[in-house]
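Make a model of the complete structure from these sequences and hints.
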Amino acid sequence: MLLKFLTRTRHAQRLGWTDALSYAYLVVGLFTLFAPVLWLLMSSFKTESAIGEFPPTFLPYTQRTVQVDNYPQPLPLFHVTLDDGQVKPMAQVSRIGIMATMVDPEHPQETVQVKLLQRQPVRELKFAFNNYTELFGKFAFGTYLFNSVFITVVATVLTLLFNSMAAFALSKYKFTGQKTVFLLIIATLMIPPTIVLVPIFLVINSVGLLNSLWGVILPAVATPTGVFLLRQYMLTIPDELLEAARMDHASEWRIYWRIVLPLSAPALAVLAIFSVMWRWNDFLLPLIVLSKSEFFTLQLALNSFQGELNTQWHYLLAMTVITLLPVTLVFAFLQRYITTGIASAGVK
Amino acid sequence: MRFLAFFFNLLEPVFALSQKWLGQSRLAWLFVGPNLLVFGLFTFLPIVINVFYATSAGVALMPADRPFSGLENFQTLFECRDYFDFQTCRKDVFWRAIGNTLQFSVIQVTLMVLFSLLTALVLNRKIIGRGFWRGVFFYPVLLSPVVVALIWKWLLKSQGVFNAALVAMDHPPIEWLTDSHWAFFWTIFVSIWAHMGFYTLILLAGLQAIPKDVYEAALMDKASPWRTLTRITLPLLMPNLIVVLVLAMIRAVQVFDEVFVLTGGGPGSATTFIVQFIYQTGFAEQIHLYGLAAAASLALAVGLIVLTLLQLKLTRAKDAGQKVR
Chain A
0 MLLKFLTRTR HAQRLGWTDA LSYAYLVVGL FTLFAPVLWL LMSSFKTESA
50 IGEFPPTFLP YTQRTVQVDN YPQPLPLFHV TLDDGQVKPM AQVSRIGIMA
100 TMVDPEHPQE TVQVKLLQRQ PVRELKFAFN NYTELFGKFA FGTYLFNSVF
150 ITVVATVLTL LFNSMAAFAL SKYKFTGQKT VFLLIIATLM IPPTIVLVPI
200 FLVINSVGLL NSLWGVILPA VATPTGVFLL RQYMLTIPDE LLEAARMDHA
250 SEWRIYWRIV LPLSAPALAV LAIFSVMWRW NDFLLPLIVL SKSEFFTLQL
300 ALNSFQGELN TQWHYLLAMT VITLLPVTLV FAFLQRYITT GIASAGVK
Chain B
0 MRFLAFFFNL LEPVFALSQK WLGQSRLAWL FVGPNLLVFG LFTFLPIVIN
50 VFYATSAGVA LMPADRPFSG LENFQTLFEC RDYFDFQTCR KDVFWRAIGN
100 TLQFSVIQVT LMVLFSLLTA LVLNRKIIGR GFWRGVFFYP VLLSPVVVAL
150 IWKWLLKSQG VFNAALVAMD HPPIEWLTDS HWAFFWTIFV SIWAHMGFYT
200 LILLAGLQAI PKDVYEAALM DKASPWRTLT RITLPLLMPN LIVVLVLAMI
250 RAVQVFDEVF VLTGGGPGSA TTFIVQFIYQ TGFAEQIHLY GLAAAASLAL
300 AVGLIVLTLL QLKLTRAKDA GQKVR
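The listed protein sequences derive, respectively, from chains A and B. The numbers in numbering that gives the first Met the number 0 rise by one with no breaks, and the one at position 26 of the first sequence is 25. The numbers in numbering that gives the first Met the number 0 rise by one with no breaks, and the one at position 54 of the second sequence is 53.
Quick caveat, the hints were computed from the structure, so don't treat them as lab data. Heads up, some of the hints might be wrong.
To be verified - Straight-line Cα separation of at most 20 angstroms, PhoX-like style, residue types lysine-lysine; simulated pairs:
1) K221/B x K171/A
2) K211/B x K125/B
3) K221/B x K211/B
4) K137/A x K291/A
5) K114/A x K87/A
6) K19/B x K173/A
What follows is the structure, encoded as structure tokens:
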């Protein structure tokens, strides 16, 4: 009896122990995966001076400045411990070595010499939204954004059209060479663009699409994954529907877009999500095709800015956040479709 | 919607006419046409041209201006005085890139499979809010490589949060991205961070496809959790594990984007991988050595074909095993 009781409790305890371990693992995972993104987000709201501070803070603290009479620029504010032990807020006029010239905002005429050790900066929480707003004025950020959106939208629309047409033919027709065509398309899965980089560059150059957004769009609109995904889905559409339409003298084109396309909407939605992610995040192909900065996508712009010697991190971080925002929103709303879509197709 | 209908109606006469001309079954070619054209132009034609580039010399882009040079490009790539010392090779960066890529792939794929398996096993338990946790682990997969690299570059820079933590613990700061060992470590860490969720998802789908009654039977037989894992879960998950292994391997060999932005291949060539070598030889350096880049990409292609054949062999072996069972 006693033995049975003991083993039973131990068993129950062990179950609880593994559960705790699982949750611990998940929480560590949550931290590892999201803390970096969160840190980036908070850092992107820091002012230019706050971003250079070491050690960095999580929240965007910045030093308070005050406008003092007789001084055109706003001055940084400090808490100064005076010789008599009194703490007073004072603004810094200038600094030489370990001494600073400070002024009391209440009495702008008198300046005091203060040792650096005697003062503490007055900090306040301030979100520098101008990191974001200034992007559009300072850089051709609007152009990059437009290029990215244009490529993503146009390529996705064409991908859906071309791939669904091919999938329609491959699933609803019997024609000579059908197997060969299907195998050829699947074979392209095995040929990643990385191994045909040089010749793709030549082809794009020869058709005159170098430094053109179409040079990034066209090579990407035929995807083996898309054809495969749509074909598998269209196979489940009963042929009787098509036959009935043919009885009514519907043309093949009409059958395609009036019957098959609407019925394939779920698969088209999955492909659309994939395509948006692929094109928005694309890097290597744009990198070799688009070399002039007026054709840069967001990814290329980010890459070129981070490579500059005096990287202006406050702008770069804001730009990074804007770049990850659409994908994050898409994910937040369509998480279920994406995860089940990928799990079923086994593709990314 | 109306615009869409207008657009599709616009194409109607084209297809109606072709239907009359070609007949119904040959109309299929019109439907697959656009796809095949794009594939032909941007995938199949480039393969042929690639071989041509690899066997011709010079710095011209246009094929007509490139004299045939046989295997010279390959000789340049592979010639070494002493094959045990990269320094003596004519293209020592190429060898270093191959060495780095192999080292990276082996370590990264091993850790990737282990961690995604562990995560999938945890996510497959009866946990509260499974959908939420699945989303958590999947989220970084959607981020672009450039964004991923910049997030980590920001954390790892010499005045970043990692060094702040070190200083707070009275440890001198470390140059994470300019020390060759640390830089290599972080390329592996960041690529696992970014892609683990994808493989986790595939494994999770496999785990959820395992019938529940097998586990009930194991419970009846009082099998230990460890025994259940090694004797039931892992063997039944094997098809998915192989898919994950091979996909991860194929991707790891082609690693480029994140590393390129994170470390730029440096310090020196400590994190230069094979695709970056191709990109730099063909496009980034002053003189564009297209022939050499094409030869290197053919070498990469051979590697990928070997990996694909390995996959076929593994899956066949597994099929045979199932038939015996």
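- prompt: Against the structure shown, which of the earlier numbered hints fail to hold, in ascending order?
  reply: Violated: hint 1 alone.
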